[in-house]
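So the protein lines, in turn, are chains D and U.
Residues in the first sequence are numbered consecutively from 3, following my numbering.
Residues in the second sequence are numbered consecutively from 454, following my numbering.
No lab work stands behind these hints: they were computed from the structure.
In this text, a Cβ means the ideal position worked out from N, Cα and C, and glycines have one as well.
Any given hint might turn out to be false.
On the chain D side, residues computed to face chain U include the following (Cβ under 7 Å) [unchecked claim]:
# : residue
1 : Pro35
2 : Glu39
3 : Gly89
4 : Glu259
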Amino acid sequence: MFEDMVTARYYEERLQEEYLEGKQPAFDISAGPIPGELHLAAGQEAAAAGVCRHLRDDDTVTAPHRPHHVAIAKGVDLKRMTAEIFGRETGLCGGKGGHMHLFDPDAGFACSGIIAEGCPPAVGAGLAASKRNEDSVAVAFLGEGAISQGGFFESLNLAAVRELPVVFVIEDNDWAISMPKERVSDVADGSRRAEGFDMPGTRVDSDDAVAVSEAAKEAIGRARDRNGPSLLEVQVHRRMGHFMGDPQTYRPEADQEAAADRDSIERLAAELRRRGVEDETLESIREDAHERVDEAIEWAKDQPEPSPEDAYEDVFANPPSGVTDEEPAYDLGTDARAGVESGGDD
Amino acid sequence: MAESEPEQEPEAETAGDAEPQVVERDLTMSRAMVEAIAHEMREDEEVFYMGEDVADYGGIFDSTEGLLEEFGHDRIMDVPISETAYIGAAVGAAQEGMRPIAELMFVDFFGVCMDQIYNQMAKNTYMSGASVSVPMVLTTAVGGTYNDAAQHSQTLYGTFAHLPGMKVVVPSTAYDAKGLMHNAIRDDDPVVYMFHKRLMGIGWMPAPDGPKTPVPEEAYTIPFGSADVKREGEDVTVVTLGLHVHRALEAAAELADDGIDAEVIDLRTLVPLDTETVRESVAKTGHLVVVDEDYRSYGVTGEIIASVAEDRLADLEGVERVAVPDVPLPYSRPMENEVIPGAEDVAAAVRSVRSTESGAE
Chain D
3 MFEDMVTARY
13 YEERLQEEYL
23 EGKQPAFDIS
33 AGPIPGELHL
43 AAGQEAAAAG
53 VCRHLRDDDT
63 VTAPHRPHHV
73 AIAKGVDLKR
83 MTAEIFGRET
93 GLCGGKGGHM
103 HLFDPDAGFA
113 CSGIIAEGCP
123 PAVGAGLAAS
133 KRNEDSVAVA
143 FLGEGAISQG
153 GFFESLNLAA
163 VRELPVVFVI
173 EDNDWAISMP
183 KERVSDVADG
193 SRRAEGFDMP
203 GTRVDSDDAV
213 AVSEAAKEAI
223 GRARDRNGPS
233 LLEVQVHRRM
243 GHFMGDPQTY
253 RPEADQEAAA
263 DRDSIERLAA
273 ELRRRGVEDE
283 TLESIREDAH
293 ERVDEAIEWA
303 KDQPEPSPED
313 AYEDVFANPP
323 SGVTDEEPAY
333 DLGTDARAGV
343 ESGGDD
Chain U
454 MAESEPEQEP
464 EAETAGDAEP
474 QVVERDLTMS
484 RAMVEAIAHE
494 MREDEEVFYM
504 GEDVADYGGI
514 FDSTEGLLEE
524 FGHDRIMDVP
534 ISETAYIGAA
544 VGAAQEGMRP
554 IAELMFVDFF
564 GVCMDQIYNQ
574 MAKNTYMSGA
584 SVSVPMVLTT
594 AVGGTYNDAA
604 QHSQTLYGTF
614 AHLPGMKVVV
624 PSTAYDAKGL
634 MHNAIRDDDP
644 VVYMFHKRLM
654 GIGWMPAPDG
664 PKTPVPEEAY
674 TIPFGSADVK
684 REGEDVTVVT
694 LGLHVHRALE
704 AAAELADDGI
714 DAEVIDLRTL
724 VPLDTETVRE
734 SVAKTGHLVV
744 VDEDYRSYGV
754 TGEIIASVAE
764 DRLADLEGVE
774 RVAVPDVPLP
784 YSRPMENEVI
794 PGAEDVAAAV
804 RSVRSTESGA
814 E
């Protein structure tokens with residue numbers, strides 16, 4: 003767990019550096035080596051690490067738009083994930099998905115950039131396991147802001163009535179973009195929403211990876227033993243803005259400071275020391291993690307960008323007649339393009 | 454980016470308000486939208502704005518920047534992330550005679566709430582035999598060009614314009630944005646107001662120069678169904694909307710250097726659609742290029758060409774369409790640049806259509 007958490011934290015620190023390159027002085031979201039939005043999960047590592055340590059490769063995880071810490075804890079290929087974030091050809095999705103849409107079937111990992119919409123596919127993975135009589139499980143991660151969405155409620159209900167091996171994990175970071183939790187829900191304990199579906203609901207009221215792990219062990223064990231779904235809510239903290247470039251003017255400074263003070267990684271380090279783990283051991287784990295991250299980032303940056311024509315591939319797994327991987331189904335004006343090919347960038 | 458500004462101050466249509474004065478100040482598109490909303494909210498207590506991050510944040514794309522300070526949380530309402538609930542609630546409030554504006558943060562999120570949009574908002578007037586009306590505005594951000602991948606970069610003009618019962622508005626300049634917003638709020642039907650992120654003038658997403666225009670301080674309306682000729686020309690008609698008005702103007706400036714005089718028509722609204730302005734232009738130029746940031750098939754490009762062909766087939770000497778090929782918007786920059794039409798794609802299509810004798814594509 004400690005390794006996953008320090009890897010995720012350092013990974014995002016490095017991504018942040020890379021992301022800011024070329025975007026200043028006037029912040030331009032489309033400039034630099036990593037364009038588009040970037041949602042960082044610093045402060046949420048305990049939820050991912052505590053849950054995923056109980057999962058196997060054949061278990062399925064769906065993550066929301068803030069996915070890196072979950073991906074790392076689930077064992078997604080770090081190099082190919084990084085190449086994807088940099089939009090490179092050898093990225094997990096060939097440069098088509100980007101940071102909110104990482105797919106690694108080998109690690110049983112998928113994402114959605116749409117709030118709560120990772121829940122139904124997780125139910126589907128649970129359904130597949132159930133139909134095939136396998137003991138794999140599915141975990142859907144979502145933020146506390148997502149628990150107002152219909153897709154979340156409908157997924158809980160379907161998983162419950164079919165007794166599917168699914169665990170829903172709410173990462174409660176207190177903020178739905180600019181909306182504090184108390185203005186989103188009249189129920190402070192999101193795990194109570196499980197009551198309406200007659201499934202167990204548990205809340206871990208601190209970003210304590212050990213406590214998360216214990217609660218997750220029970221929920222995942224229950225799913226694996228075919229005793230149905232559970233809902234687990236974990237208090238985490240959002241140390242950053244909603245996305246890189248978010249000025250957070252809506253957020254009280256005290257809240258930001260509180261988030262920075264409650265560091266789940268330091269908390270776990272202290273616990274490990276209390277249990278007799280040497281500082282040197284922790285430091286060596288940290289160093290190894292940093293090395294791995296630096297290596298992944300350097301590797302990713304060396305990877306080639308996709309060619310523009312790659313955009314036409316992969317719309318279908320089985321392209322219908324007239325749609326091939328070799329040439330675009332539709333050109334931006336066949337005659338027109340011939341005239342501008344030498345023009346390069348279009 | 455776009456070198457050309459609109460050639461002249463677009464003609465102002467007034468509806469009950471004083472003739473707009475020519476003023477010196479230029480506004481960004483978002484400021485112009487907000488000014489219209491604020492004006493209507495002052496005039497009518499029944500107007501309110503509801504959406505995600507629209508109050509304290511001021512709208513992720515500055516669509517409500519500054520409104521909270523004047524109107525407070527009761528009228529500028531942040532809502533939980535639950536589009537079905539709040540867009541449906543806007544439908545219900547509108548049916549009670551209020552005039553809600555509901556914001557769908559990215560048009561791509563329509564999937565989580567489309568029933569409320571197309572089965573309720575758009576159809577209740579018809580199904581009730583007009584005993585019910587739904588005077589609401591659904592605002593939403595559209596468009597790519599900043600590498601946000603396929604769930605955050607679509608325009609989906611065709612999706613909304615295809616389904617009957619919604620008026621669909623797509624401004625390209627601050628002047629148009631304000632006049633169209635006044636009209637949208639005053640309209641007794643549901644209006645989908647689609648603003649392109651790249652045109653808003655947001656701090657973190659630089660806009661081209663074009664959309665920032667002079668904007669009168671007083672209220673004025675631009676009637677729906679009136680396309681605007683943003684550049685007059687004799688040789689070829691370029692029909693487009695949103696961001697691509699500016700890319701077409703950029704292309705036209707380049708083409709002018711080569712002696713090709715392109716007319717650029719900004720549709721401004723898709724429903725109702727001003728086909729007459731397009732037909733008249735094609736009668737003059739004989740050549741038609743339609744440019745769209747939406748997917749090519751079953752979309753705006755086909756609709757415009759069909760509507761001209763139905764009436765004025767004989768006028769058409771050549772036709773080209775420039776749109777996003779039928780692929781979801783890819784993340785990485787070389788691929789996104791490939792599929793979103795640039796000014797050079799427009800210019801190439803214009804050159805191509807001019808060299809076509811038969812008009813066959």
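For this session: Just pull the numbers of the violated hints for me, sorted ascending.
Result: Per hint list: 1 and 4 violated.
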